[in-house]
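*Asks:* If you want the building blocks of each chain, they are given just below.
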Amino acid sequence: MVVIGLGSPFLTDDSVGPRVIRALADYNLPDVRLVEAHAGGLLLLEELAGTTRAVIVDALLDPRRSPGELVWADCGAATHNAACSHDCTLPEALAIGRAMGLSLPEDGDIRILGIVARDVATFGEALTGEVARVLPMACQCICDHLVEAV
Amino acid sequence: MKQRITIDPITRLEGHGRIEIFLDDAGDVTSAYFQVPELRGFESFCVGRHAEEMPNITNRICGICPEAHHMAAIKAVEAAFGVECLPAAQRIRELIYMAFFVADHTTHFYCLGGPDFIVGPDAPAAERNMLGVIRKVGLDVGRQVIDARRRNHELIKRLGGRGVHLCGAVPGGWAVPVAREQQAEFRRWAGENVEFARFSLKMFDDIVLQDRTYGDLVFSDLYCHATHNMGTVDETMAPSLYGGRIRVVDTAGVQVACYDPADYLDHVAERVEPWSYMKFPYLKKFGWHGFVDGQESGVYHATPLSRLNVADRMGTPLAQAEFERMYDAFNARGKGAGGRNLPISHRLATHWARLVELLHAAERMCELLDHSDICDPAVRQTVAPRAGVGVGSVEAPRGTLTHHYETDERGVLTRVNMIVGTTNNNAAISLSIMKAARGLIRGGKVTDGILNRIEMAFRLYDPCCSCATHALGKAPLELLVRHDGSGELLDRIARS
Chain A
3 MVVIGLGSPF
13 LTDDSVGPRV
23 IRALADYNLP
33 DVRLVEAHAG
43 GLLLLEELAG
53 TTRAVIVDAL
63 LDPRRSPGEL
73 VWADCGAATH
83 NAACSHDCTL
93 PEALAIGRAM
103 GLSLPEDGDI
113 RILGIVARDV
123 ATFGEALTGE
133 VARVLPMACQ
143 CICDHLVEAV
Chain B
3 MKQRITIDPI
13 TRLEGHGRIE
23 IFLDDAGDVT
33 SAYFQVPELR
43 GFESFCVGRH
53 AEEMPNITNR
63 ICGICPEAHH
73 MAAIKAVEAA
83 FGVECLPAAQ
93 RIRELIYMAF
103 FVADHTTHFY
113 CLGGPDFIVG
123 PDAPAAERNM
133 LGVIRKVGLD
143 VGRQVIDARR
153 RNHELIKRLG
163 GRGVHLCGAV
173 PGGWAVPVAR
183 EQQAEFRRWA
193 GENVEFARFS
203 LKMFDDIVLQ
213 DRTYGDLVFS
223 DLYCHATHNM
233 GTVDETMAPS
243 LYGGRIRVVD
253 TAGVQVACYD
263 PADYLDHVAE
273 RVEPWSYMKF
283 PYLKKFGWHG
293 FVDGQESGVY
303 HATPLSRLNV
313 ADRMGTPLAQ
323 AEFERMYDAF
333 NARGKGAGGR
343 NLPISHRLAT
353 HWARLVELLH
363 AAERMCELLD
373 HSDICDPAVR
383 QTVAPRAGVG
393 VGSVEAPRGT
403 LTHHYETDER
413 GVLTRVNMIV
423 GTTNNNAAIS
433 LSIMKAARGL
443 IRGGKVTDGI
453 LNRIEMAFRL
463 YDPCCSCATH
473 ALGKAPLELL
483 VRHDGSGELL
493 DRIARS
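Chains A and B supply the protein sequences, listed in that same order. With the first sequence counted from 1, adding 2 to any position gets you our numbering. With the second sequence counted from 1, adding 2 to any position gets you our numbering.
Chain B on its own, in the form it takes in the complex:
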């Protein structure tokens, strides 16, 4: 008898989504999909607004990535108005953005992704959380996590005007400069971030990579499949989270595109499926061939792992050393065409890549705060609205974020389009779930531990459905097992 599995709610996920797994008569997996049955419409809600309002409207799309939307929005406004951000303001924006990355990646590792490894994938769901992590590794780690979040949120609050939904971006600049008396304290915090990131990488090494069970999971075929890779790079081909050119490398690590974000529509197309509100972007060069991975498919991913896969190097020294160690571990360093690294396709390595990015963001904060002009008061300029088209792009923690605005001569928005981090990964998420489900479910046997290991294939992307559907707020999620044919519901996992 064919069966169908749906997970609902997917634990520890922002927004409303659903995993559905279909089983055939023998109880084996025929297909699996990540589905978002939630409303959209944020773009049309924004039409008619003054463009300069967008940084403060779009940062309410969700409570998790407000900084990413704030920065992408102000860049799109500036592009539409034909203005360059002042250098001092740009440094402040990047400083805030790096603090956001430190806080966000810390939270994901210790609260969402890490518990599967630190507490264990077969532990009861109620224990696979940060409290479980603290019980396993000690109170001091918990204190470090809380402190890391607190100091970086405090920096964002002081420079951004508000803690959660910052409001510092103005066209061409930033609302306030860094005060001389703030610099030393922020620099101390940045140094603490570096130490915390190194500690986190050491813990990942000790607890995950040195543990045979967990280490085998990271290197296993279960979570390995090849798609193309997307990420933002600077002129040296190092990852550039605040912005740069978008680089795409294929499944073998060969560059297939490196473009200005304003040209994204020349490279990326969006497909709509009737069963999901979330769009399915794909690379035009390869086209859409359905839910398949591999070199011929247009499916790509935009994640911490893909950002390292597209990079030739890291822009900071400690992160560079960790980058090399990671690619060495997969025997991928320098093994690709032209001496490039081969891309790592083992998706659980995304957690590792996230920690390398955490270290890079912390180091970059130090560099910015050591800059001789970090306290330059020239952060604002007069800007006139105009009719124009502007694209703003940053790397959000969950993938490349693109805002695309068109304005009339009053600076009022006439068209808005967004591709958010999670949306880039929509097809890849389904493929990762399918790969894991096919490897884990045999003869219709589905246990809680198996379902959690399937969720791990999904959780590594840290998807944010409220961003991806542009639906504000949060709603439950589900995992369902269904008969493939009749659609009969055979199992349902509902966790709060």
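Bound conformation, chain A alone:
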């Protein structure tokens, strides 16, 4: 199992993915690899290769939802950060990897946890209040998912 936190540590709420990964380090999760990443596409493929299940945590921009809301999605609805415009999207990367015969999780075993962000454009190292408040909940959500997935 791998849990990947996507985002930049210097763009306000975009840092929520890596922050979840750092917080999860204190949970001592057995058999779980924690990865901070800032680029999607083929780089994500390299992190997913050799695993059977994965969670990708990322900031989500969705004007229909409130900042701080947690949204589970499948990998077909991958977030913007999960794509790399210098190579490809996450679904394309998975298709390439499978064509190559790489050992990869099934689509259904890759879950995206989107955390609705307020601001991903301002340079800053602090989360906005709504997003900071749900950080523990996001970690617990992932832990619960790991238990259910076993």
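Just so you know, not all the hints are guaranteed correct.
Mimicking SDA-like on lysine to any residue, the simulated pairs with C-alpha atoms at most 25 angstroms apart in a straight line are [unchecked claim]: (1) B/Lys159 <-> A/Arg55; (2) B/Lys159 <-> A/Ser105; (3) B/Lys159 <-> B/Phe198; (4) B/Lys159 <-> A/Glu38; (5) B/Lys204 <-> A/Met102; (6) B/Lys159 <-> A/Asn30; (7) B/Lys159 <-> A/Asp33; (8) B/Lys138 <-> A/Pro93; (9) B/Lys138 <-> A/Gly99; (10) B/Lys204 <-> A/Ala101.
Worth flagging that the hints you see were computed from the coordinates, not collected in a lab. Just so you know, these numbers come straight off a predicted model, no measurement behind them.
Position chain B against the provided structure of chain A, taking the given hints into account.
*Replies:* For chain B alone, kept in the frame of chain A given last:
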């Protein structure tokens, strides 16, 4: 009726940008611009930080070139603090940097630039990607691409501390030496890189140059225009990607400058246009005369092609042979003043030059790993911060990257300036788009295939807008066709 075309998003591009093409009443192109309507401000964000943090802050400017920012940043810090990097650490840095070049150039050729030739410029956009390449040339090629990326990323991870955003640079040195037990494996990987690079050049030859349609594109006037050329060279005037002196040759191949990167402000000025956040650097010697190419213009390019254009030779033997073959193909070898090569101005040859650099980087990895002191443990030293000014420069895959810092007596940054690879090419990109658009759009007829051929003029630069605007992260891009006058939007290409 005058018209205006804008491409949005430009497929396979990092960052947020927009191509706008303006048509006159007859439907012919009057002008075209590459525009970046995105935020800036990374330099001011860094002021007040300790300088030694910069390698680990600036490598987050984007997820594609972290190694380039990491290296330019630590060099700028060392220059400001007045310290020289230890020789063993310098070899490790260059080794990592060459592995980065192999991985990055591989990705560009097979995922971004190559699909236009291997799958075809008129193929549906959904097929012009790496999956399309694999369908055309076979699974084995795909495996080689994935393996090349993986082994070079693994080397960077082992020596750099992290896979994507490495953290090994410390002022005056590197965090860890190469362990003796790592050397043999890394050397094997370097050898595999050489074979992979040769294979890629052979494939480019077979599929692109030997194919009449694609070969004609590379040699066609459509993508040909002359600007001055910039690149970093060593003392033998061979390209030196990790660093050296900046050489500029003009449109005829005559050297007009060869300077220490610290003197860049004596040679390069930056112009700001109100419609783009990306600056427009130009050569002071020639001045800014607007969006025009040619000998009198100050516009230059800093790309794999310009790096070969400024070079007298390649520093490694296999790359030298390919370098000669490339200039022979354009009847340019030894045909310039003083027996220098004439610069190649056919911009699609940038893809070819990228593969020559790929081979050079792979060969250089072998040389470094064969060095008798590659495992020298003396990679760290004590360094004291001080007030100073420092410039650090490397050749990023997308062009010459310059970091310029000023520190106070505590080593805290008081001023930061950066010129990144893509920024150097900002004006040249617009000129390439304009040239292609004028040649392709007639009477207002714009098809998806035509727009893709215009994008090819842009994609060959592999621009990185998040680096160039110092805006972290990614955002969509667009190509719009507009009426030149009323600004009415006539066509919009939006691909995800």
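*Asks:* Quick check: which numbered hints come out false for this structure?
*Replies:* Result: no hint breaks.
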